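With chain A's structure known, arrange chain B on it following the hints.
From first to last, the protein sequence lines stand for chains A and B. The first sequence begins at 1 in the working numbering and counts up one residue at a time. The second sequence begins at 1 in the working numbering and counts up one residue at a time.
Treat each hint with caution, since some may be false.
Said to hold, decoys possible - Quick partial rundown of chain A residues pointing at chain B, CB under 7 Å, derived from the structure:
#	residue
1	5
2	7
3	40
4	50
5	52
6	127
7	133
8	134
9	139
Calculated directly from the structure, the hints in this document are not laboratory data. Only a predicted model underlies this, so the values are computations on that prediction, with no experimental measurement involved. The beta carbon of each residue, even a glycine, is placed where N, CA and C say it ideally should be.
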Amino acid sequence: MLEPVSEDAVLITLAEAIDDALPARITRLTQSLHDANLPWLRDLVPSYTTLLVVYDPVRVDFREVTSRLRAIVKADNTQTERTVQATGDLVELPVYYSVESGPDLAALAAETGLSTAEVIARHSALEYRVHALGFAPGFAFMGEVDPTIAQPRKPTPRKRVPAGSVGIANRQTAVYPQASPGGWQIIGRCPVRLFDPQHLSRLKAGDRVRFRAISREDFLAAGGELTEICEP
Amino acid sequence: MSWLDVISPGVQSTVQDAGRQGYRHHGLAGGGALDIRSYTWANKLLDNPRNAACLEIILGGFHGVARGQLQIALTGAEAPVAINGNPVQLWQTLNLNDGDELTIGHSTTHRLIYLAVAGGLDTPLCFDSRSVVVREHVAGLAPVKPDDKLTALQPGHELPSRFVPISCRPGMQPDVTLRLVPGYQYSLFKRTDILRLTTSVYTVSEQSDRMGFRLQGPALASPPAGIISEGIAQGAMQIPGDGLPIVLLNDCQTIGGYPKPGVVPSLDCGALAQQLPGANIRFELTDLATVQNERRLFEHHYHQTRWCQNGRSLAWL
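Pulled out of the complex, with its shape left as it was, chain B reads as follows:
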């Protein structure tokens, strides 16, 4: 068995996989890794199952010691990373030997770092998933703390070294434009308010977490009144009475009564979740076919490509 002894988990680190499926009717959030691209690439580097559990580290500050041989991969926000004090890069496989110290410093530009281990993290399944939704206070589902063991399902150094091609890495921009698929109460919003939403620059508020990102900027002047509570799709934008958008993310409530002009696609939600307070956000309208095709292609790529011998490119099967 091989594992990482946690010395310091950082600001907040939680185990996340692809999320829970089929429990929302019990009032349970979906959970799961916020930045799908970074999470998926961390697993892809290690040939892990698509839904393998990783550690989602907010802002960095993680320090751990390897027990036994481990293969890991780090993706996401750029942060200083070192093994035994020697700097290493993200977006590649890394080998740890018994006693090796892994330190992840703080990211100053983005929010989320994913730490994957070969085979995925071996934590108990709850609701058919290893995702931790802190706000639900379900026994056993809590952030990682000092002295926890992060055990890899697959010990040893089996895989050759690999790098995610630069062209495949999600752009870690300072500002992002998010697409919005019109839906839900879109037609109840005034045209001028939709124009305001799609021509203004919003900034990420301090009050942003795994439940949702609040945005600051020009408020919509006359959003529709509250509606009868209805099921919320992940990524839905809700507009409360103050007219300022909230993009609901993986840990959001399952139903809600604020009007929603549409939904931000999951891959764009990942780009949003990477942003720090103050980052600039713009919105543009798109259509469902475009974003669904994109998501399907993304999933298809995961399952239908294999690493080439050089470990630096992928080939379609």
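Pulled out of the complex, with its shape left as it was, chain A reads as follows:
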């Protein structure tokens, strides 16, 4: 479904519900739109089931944008061969899981009836998809975590969560790119910078992410910081 939603944006909805095949499909459509060299295209904002197309309303009106997009979406749907871009990059992120770096790890383990080691094992066992970026620069919403370690957000968000914090919210997981307020359950910390103004976001929608448990020493050696702690 394709709907002009404002004077400079059209929303393409690809499905009614989240499913694992969507990030690849949305990534492929994003690529098709870039390949079409549309002079009026300003931005593409992918999310779980949608792609928001932002355009320059001075160059083109919504009728023309809608008809061009409709043709590209239709062509894209029939194109099953192009899977190179569709697989998404695989990114491995090291995480120092501990009570020291993850203040909610022990409580989450207690809540789920698992040991902390088992929570860590389950969080780092799966490969996640980046469904969308948002909330803050470089903040990637990934899914889905094993249902046995899914936990809702904290009832009251923390005032400050340090950069690199790895969190769980229901069946989603994410790494805070910079220190910010936040309500996710924090179970560890990643030493990799996920956003900086020069290189922008390390992750993009459609990427696949694997977390690898590392020791305190390796975390510090990789440039990780433990001086900052979560503020309630």
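Below, chain B without anything else, positioned relative to chain A:
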């Protein structure tokens, strides 16, 4: 080189241009001047590029001293302005000489004052833009502080004096009616709730900033439940569980999961952003063709008109 030494930046002043283009997929907000009309006229007075950077001053309280010769223009909220203590008007070009003191008092009726300098402000580009989005905490992007230098890309007094014709100035009304283009989850809202939205008077809440304006008034009785997060168009109205509308502005998040009955056009968002807490806001439905034509005409006017010799009117090319 000519610049303004900032003595006092006021409540909060940030450098803004026409905003960032093409970075929202990194989770970066669009940013940019909130009141497009006032911002654009400040640049038009000085023949600046359409996206030249200005200072967006919230409520006033700015005090600066000129170093070298500067041409500036002030637009937006009515506030007492003086050069070396002598009152001057907004909506015109002003010449500052070395050592001249510019003071902008506080506006009691509206929110945003734009200070443009000839050529635009010379600040570092970040994400292909000079706009500052404070909440993102990106290094180097912060509000203006005392002792900052605001450098003009074009020094000197090159341009003749000009005034924005009264008929072209955005109306600075105490109350505004904003148009809403139905879209997104519009059809999921109950008809009675849409009626409530378009027949009630809302007021601007204290909790309003560059991210969004919260409104107080009759809550929608049964807004649809949360949705799967999706890309947010600037100006989108979101209705959280409490049923009270929030109009999302330039610094808003890029995706969100609250239902949205539609989008407020960018020019109307400017009128909203000018309002102080307590101002009355009404909504009426319109269609996309109307608001897009209006926006296109506005942009066309900027690029396709030139100042007449008298500096008081514009002619189409």
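_When the structure is checked against the list of hints, which entries are broken? Sort them ascending._
3 and 6
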